[in-house]
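Trainee: Let the hints inform the model, and build the full structure from the sequences given.
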Amino acid sequence: MTSTNRSFSITDDNGYIFYNKFYVPEEVLSIILSYVPPKELVFTCRRVCRYWCNVIDTQVWRVIFGRQKMSVSKVKDLPWFACYWLVLQNPFDRNLVKNGCGQEGLKHWKLVTNDGDSWKVEKAPKGCHDFPKDVENDKIKVHTSCFATTYNSCSKEQIIDLKKEGAVPQIMDRLQPKVTVSEWYCGRSDSRCIYEFKTAILDEYQNPIDDYSLKKNLDKPEGAIWQKVSHTFENYGEGVRYIWIYHYGQDLMFWKGHFGSKMTGSSIVLTLNNHVQNETNMIKN
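Counted from 1, the sequence shown has number 5 at position 5 by full-length UniProt numbering; the numbering is strictly sequential.
If you are wondering where the hints come from, they were derived from the structure by calculation, not from laboratory data.
All residues carry an ideal CB built from backbone N, CA and C; glycine is no exception.
One thing to keep in mind: the hints can contain errors.
[Claimed, not checked] With a straight-line cut-off of 27 angstroms between C-alpha atoms, the simulated BS3-like cross-links for lysine-lysine are:
#	residue 1	residue 2
1	Lys-216	Lys-133
2	Lys-98	Lys-164
3	Lys-163	Lys-69
4	Lys-133	Lys-178
5	Lys-123	Lys-256
6	Lys-123	Lys-39
7	Lys-69	Lys-164
8	Lys-110	Lys-69
9	Lys-133	Lys-215
10	Lys-215	Lys-98
[Claimed, not checked] Label-pair ranges, simulated between beta-carbon atoms:
#	residue 1	residue 2	range
11	Lys-215	Ile-31	46 to 54 angstroms
12	Asn-95	Asp-115	22 to 30 angstroms
13	Asp-161	Thr-44	22 to 30 angstroms
14	Tyr-205	Arg-67	20 to 28 angstroms
15	Thr-232	Glu-204	21 to 29 angstroms
16	Ser-118	Gly-239	35 to 43 angstroms
17	Phe-22	Thr-44	18 to 26 angstroms
Mentor: Right, here's the structure in full:
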């Protein structure tokens with residue numbers, strides 16, 4: 001539609017005029033701008049004029065969220081900078097744990113105890129059953145390696161800084177995403193061992209808001225079967241800034257070598273409760 005087909009004021013509508021000639025409806029402009037890379041959208045497009053800034057803050061993010069199957073009803077009131085982080089570094093539906101299978105050795109983990117013959121990464125688990133189909137089909141468990149413990153205490157932990165992962169405080173406090181922490185574990189068919197799993201959601205001072213733990217003795221031969229531990233934190237209120245995951249294992253036979261419990265596929269995943277089906281439904285809201 002050209003300017004001659006519409007009555008408008010340059011003062012009021014100049015943000016929607018291209019080449020001083022063509023008027024572009026707000027809905028169309030929103031879709032066009034939704035394909036601009038996030039950094040350019042924020043640091044360039046928002047500065048073009050106050051009209052573009054308003055369209056980006058009120059409409060463009062909604063279009064992007066709809067395309068990414070995010071819940072529009074939950075994100076529509078977020079400030080623009082929270083929307084920016086959501087798009088730039090989407091913290092949802094991905095594993096926030098680094099090196100959850102030992103594919104990078106012990107990197108990213110803080111060793112709390114490393115006694116006996118120390119932690120070991122087995123490229124293929126030894127002395128236990130093969131991974132069940134549930135493990136093989138687990139999108140998080142994409143490596144065949146695992147951590148193995150020994151005849152004395154082996155424990156390690158990892159703390160996830162949610163802000164660094166794109167889940168800024170406004171996102172955690174307003175959207176209240178589910179926090180699912182899980183891991184696969186087993187013992188060996190020829191020894192007895194112990195396995196312990198702990199996790200907690202923490203405030204800005206890394207004090208626990210809520211926690212969960214599991215401790216099991218794994219007897220031979222049943223302990224050699226892979227099992228999954230999983231816990232979901234929900235409706236936790238405001239203030240969650242970090243997530244802590246910890247595991248411990250030890251061989252109860254006190255044999256030299258690595259006859260203790262094994263762990264792999266450690267994961268922390270944030271998920272939204274509601275999802276839109278397509279961009280059309282999103283625009284109608």
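Trainee: Next step is simple, just say for each hint if it's right about the structure.
Mentor: Here's how the hints hold up against the structure:
1. Lys-216 to Lys-133: holds, 23 angstroms
2. Lys-98 to Lys-164: It holds: about 13 angstroms lies between the C-alpha atoms, which stays within 27 angstroms.
3. Lys-163 to Lys-69: Between Lys-163 and Lys-69 the Cα gap is close to 22 angstroms, so the pair holds against 27 angstroms.
4. Lys-133 to Lys-178: OK: Lys-133 and Lys-178 at ~25 angstroms, within 27 angstroms.
5. Lys-123 to Lys-256: holds, 19 angstroms
6. Lys-123 to Lys-39: violated, 40 angstroms
7. Lys-69 to Lys-164: holds, 22 angstroms
8. Lys-110 to Lys-69: Violated: Lys-110 and Lys-69 sit about 35 angstroms apart, past 27 angstroms.
9. Lys-133 to Lys-215: holds, 24 angstroms
10. Lys-215 to Lys-98: Roughly 23 angstroms separates the two Cα atoms, so the pair holds.
11. Lys-215 to Ile-31: 46 to 54 angstroms: holds, 53 angstroms
12. Asn-95 to Asp-115: 22 to 30 angstroms: Hint holds: Cβ distance 28 angstroms, inside 22 to 30 angstroms.
13. Asp-161 to Thr-44: 22 to 30 angstroms: holds, 28 angstroms
14. Tyr-205 to Arg-67: 20 to 28 angstroms: violated, 37 angstroms
15. Thr-232 to Glu-204: 21 to 29 angstroms: At 22 angstroms between Cβs, range holds.
16. Ser-118 to Gly-239: 35 to 43 angstroms: Holds: the Cβ-Cβ distance is about 37 angstroms, inside 35 to 43 angstroms.
17. Phe-22 to Thr-44: 18 to 26 angstroms: About 21 angstroms separates the Cβ atoms of Phe-22 and Thr-44, which means 18 to 26 angstroms holds.
The structure fails to meet hints 6, 8, 14 from the earlier list, while all remaining hints are met.
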